[in-house]
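*Asks:* Listed below, chain by chain, are the residues.
Protein chains: 2
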Amino acid sequence: MKGNVIVGQSGGPTAAINSSLAGVYRTAKDRGAKKIYGMLHGIQGLMDERYIDLSEHITNELDAELLKRTPAAYLGSCRYKLPEIHENGEVYEKIFSILDKLEIEAFIYIGGNDSMDTIKKLSDYAIVTGHPTRFVGCPKTIDNDLALTDHTPGYGSAAKYIGTSVKEIIRDGFCLEYPHGLVSIIEVMGRNAGWLTGAAALAQGEDCTGPDLIYLPELPFDLQKFSERVKSLLSEKTSVVVAVSEGIKLDDGRYVCELGQSVDFVDAFGHKQLSGTAAYLASFIAGEIGCKTRAIEFSTLQRSASHSASRVDILEAYQVGGAAVKAADEGDSGKMVVIKRLSDDPYQSGTEVKDVHKIANDEKLVPREWVNIEGTYVTDEFVNYVKPLIQGDVSPVMVDGIPRHLYKPKTQK
Amino acid sequence: MKGNVIVGQSGGPTAAINSSLAGVYRTAKDRGAKKIYGMLHGIQGLMDERYIDLSEHITNELDAELLKRTPAAYLGSCRYKLPEIHENGEVYEKIFSILDKLEIEAFIYIGGNDSMDTIKKLSDYAIVTGHPTRFVGCPKTIDNDLALTDHTPGYGSAAKYIGTSVKEIIRDGFCLEYPHGLVSIIEVMGRNAGWLTGAAALAQGEDCTGPDLIYLPELPFDLQKFSERVKSLLSEKTSVVVAVSEGIKLDDGRYVCELGQSVDFVDAFGHKQLSGTAAYLASFIAGEIGCKTRAIEFSTLQRSASHSASRVDILEAYQVGGAAVKAADEGDSGKMVVIKRLSDDPYQSGTEVKDVHKIANDEKLVPREWVNIEGTYVTDEFVNYVKPLIQGDVSPVMVDGIPRHLYKPKTQK
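Residue numbers (full-length UniProt numbering), protein chains in the order written: chain E, 1 to 413; chain H, 1 to 413.
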């Protein structure tokens, strides 16, 4: 490379997104990039000329290792959708003038669907205007809902955390016996795609029966059938554990979390504060069956738990970052790096690049065949798909009993 | 030892309670106990003659290691308070007839306050009736609220999990910038004692500022002052993280979690379903300030996260189990093993036995001096007290990417 590289992070945090950043940095350095800039808070920050020189923050190999183990977007993230080029050319002029000023040869953006839309639009604009900067996307999302890639970095670590925590909750559930039994309802992220919720099945093994029911958002949810299944399970066991996606909906399209809506929770601005899906179902089941219930939300814990990251995930995230720089250096633009599964057992994967126009704004859902007929559990195919992605650990660098992260860039408030 | 030993677990699960069980088993075996029984679901299960022969379940050293890494009460637990001896002698006659049948020489009970009440009453009954069985308690509770012991096994691992997860949440909070800022409110267990909530301060280090505010249940909570403090913090930073105990109360004695009460959440049996403290405060702050808020409850995750247990905690739990058997073998009864801190730096501890009459039904709270004057953070003394207890890790035995636990006793449903 002869010029400079700029890299940004966008969308929701994950435990692996910084490993991709480390991969971008390392490969750009190895390929001779003069400067490697990091946008603070993605494209939105860049427009305000908020960026850092990464070499001032990753000063040695230990820093790079710490970065791989640091959760959430090191550079800060944003949720900003670029306007259509024909609607607002000024935004593009501004961005490209900053890129020119920084002499950017390669622009790498680590993110999900919306971020790939950014890559698409910027590379389109570069083509139209004959601008030499190359734009390559690097996939990232715990939701695993990106098209064309076998899976997305970030998903494996979140899945591992979910499998581990669900298993611990199942053990916890058997401790105390309640007269009418105990039902634990675990709410998992993924509003439209059930990849994360299905990962609850990873708790199953020789030493654990796994959760009793798993409900993905891809299929309509039936409250009465749910209640009957739980009742039937409680006649056989003292503790029932259910994993549900935050996005499960009734047949009529209403989100389950909307049913728990209560007047007290409308705030001063008139915003509805939705109570959680698990909270509603726990209350519903307590009312229907009279058993003890509890609601557990993994919330942000599942996307930021770098202390239990998957080694496969962190390594692949790193590779994908490097592959994005390589692709840009070799002349690719308007592309996203994807992961291709080469073999299941032993698991092997490699990277390719695909046209970002075929990826952006498309959502990959769990196939119907990977859920059982009743819609209450994922199949073995699902589990076989996920299992390789959670293998191996990344031992945190422990300092004084707590995992150490890389210092936050000082320019962040 | 010439006779048999029986051991039970009682009260809430922890990540370390099974390490105490492993310690009881090993020491009883080493000291020549013929049989080592485990009560299923504590004293309540014993009254129904539900017990197992532990040697059938811990068959080798690997089993013992797995047991130390298995969260929640391996034998199952109960929350059963024995009646006063003069009120219901029959219960005692029944228990002692079962002990006689099993030829029990030593009765070890691993638990918290209520469990120590059980040891007290059973040992009193034995004295009154001249019965030879000896009763010794083994402390256990994540709440760390037992008197006379420096700390309780289970607390260190929960504190380590809380410190680690709070740190990950803080990183997560800085990723996305919201127009009016983001306030994350984390709810931690401990209805009356703030030991666990205070552990949120462990997130603080060279690479992390720690949470911004910490509210313990020992001090009254003022909603308006809280709102003002958050508002002031939001003028300086984009993300504010607050740790609150589930048990914080207003000056008038009402729990904060009761304020969020809504009609929709009264179930069919007329039970009030309380929304959480964090959920209420998140809604309150959103209404007051108009910022983005989120509520995160650690719920059962904090007490069962054996995947991030503290080595000091797991080792001490094991030692305490062994010390309980030793004490009983040497003739002690009506005693509880306590941990004595011998030195802070380097940290060293040992065990002693104390009269259980001085422990049962007494609750150790965080001293006022260990909270700052404003009541919004714990002091360095608090942090110095906790820090040694979270040191070191217990690497989980990973099988197929997920921590392995010891098989559940088959007699449990």
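Note that these hints are calculated values from the structure, not bench results.
Keep in mind that a hint or two might mislead.
Copies of one chain are not kept apart here, so a pair can be met inside one copy or by any two copies together.
[Said to hold, decoys possible] Below, computed lysine-lysine pairings styled on BS3-like, alpha-carbon distance capped at 27 Å: (1) K326 - K249; (2) K408 - K101; (3) K29 - K292; (4) K94 - K81; (5) K2 - K358; (6) K231 - K81; (7) K34 - K340; (8) K358 - K340; (9) K237 - K408; (10) K29 - K237; (11) K340 - K364; (12) K358 - K237; (13) K358 - K326; (14) K292 - K35; (15) K408 - K231; (16) K249 - K292; (17) K81 - K34; (18) K237 - K81; (19) K410 - K231; (20) K237 - K34; (21) K237 - K410; (22) K354 - K408; (23) K292 - K81; (24) K408 - K292.
Being a predicted model, the structure only gives us computed values, none of them experimental.
*Asks:* Each hint should be assessed against the structure and marked as holding or not.
*Replies:* Results of checking the hints against the structure:
1. K326 - K249: So K326 and K249 fail the 27 Å test inside a copy (43 Å) and across (57 Å) alike.
2. K408 - K101: within (25 Å within a copy, 64 Å between copies)
3. K29 - K292: neither (57 Å within a copy, 38 Å between copies)
4. K94 - K81: within (15 Å within a copy, 71 Å between copies)
5. K2 - K358: neither (30 Å within a copy, 76 Å between copies)
6. K231 - K81: neither (46 Å within a copy, 29 Å between copies)
7. K34 - K340: neither (31 Å within a copy, 58 Å between copies)
8. K358 - K340: within (16 Å within a copy, 65 Å between copies)
9. K237 - K408: Between copies only: 14 Å across chains, 48 Å inside a chain, cut-off 27 Å.
10. K29 - K237: The answer is neither: 58 Å in one copy and 33 Å across copies each exceed 27 Å.
11. K340 - K364: Close inside one copy (15 Å), not across copies (56 Å); limit 27 Å.
12. K358 - K237: neither (48 Å within a copy, 39 Å between copies)
13. K358 - K326: Answer is within; shortest intra-copy Cα gap is 21 Å, inter-copy 69 Å.
14. K292 - K35: So K292 and K35 fail the 27 Å test inside a copy (59 Å) and across (36 Å) alike.
15. K408 - K231: For K408 and K231, only the inter-copy Cα distance (23 Å) is at most 27 Å; the intra-copy one is 49 Å.
16. K249 - K292: both (24 Å within a copy, 25 Å between copies)
17. K81 - K34: For K81 and K34, neither the intra-copy (29 Å) nor the inter-copy (71 Å) Cα distance is at most 27 Å.
18. K237 - K81: The answer is between: 24 Å across copies meets 27 Å, while 49 Å in one copy does not.
19. K410 - K231: Classified as between; 22 Å across copies, 54 Å inside a copy.
20. K237 - K34: Neither. Shortest intra-copy (63 Å) and inter-copy (33 Å) distances fail the 27 Å Cα cut-off.
21. K237 - K410: between (53 Å within a copy, 12 Å between copies)
22. K354 - K408: Neither. Shortest intra-copy (33 Å) and inter-copy (48 Å) distances fail the 27 Å Cα cut-off.
23. K292 - K81: between (45 Å within a copy, 20 Å between copies)
24. K408 - K292: Between. Shortest inter-copy distance 22 Å satisfies the 27 Å Cα cut-off; intra-copy 43 Å does not.
This entry does not satisfy hints 1, 3, 5, 6, 7, 10, 12, 14, 17, 20, 22, going by the numbered hints stated previously.
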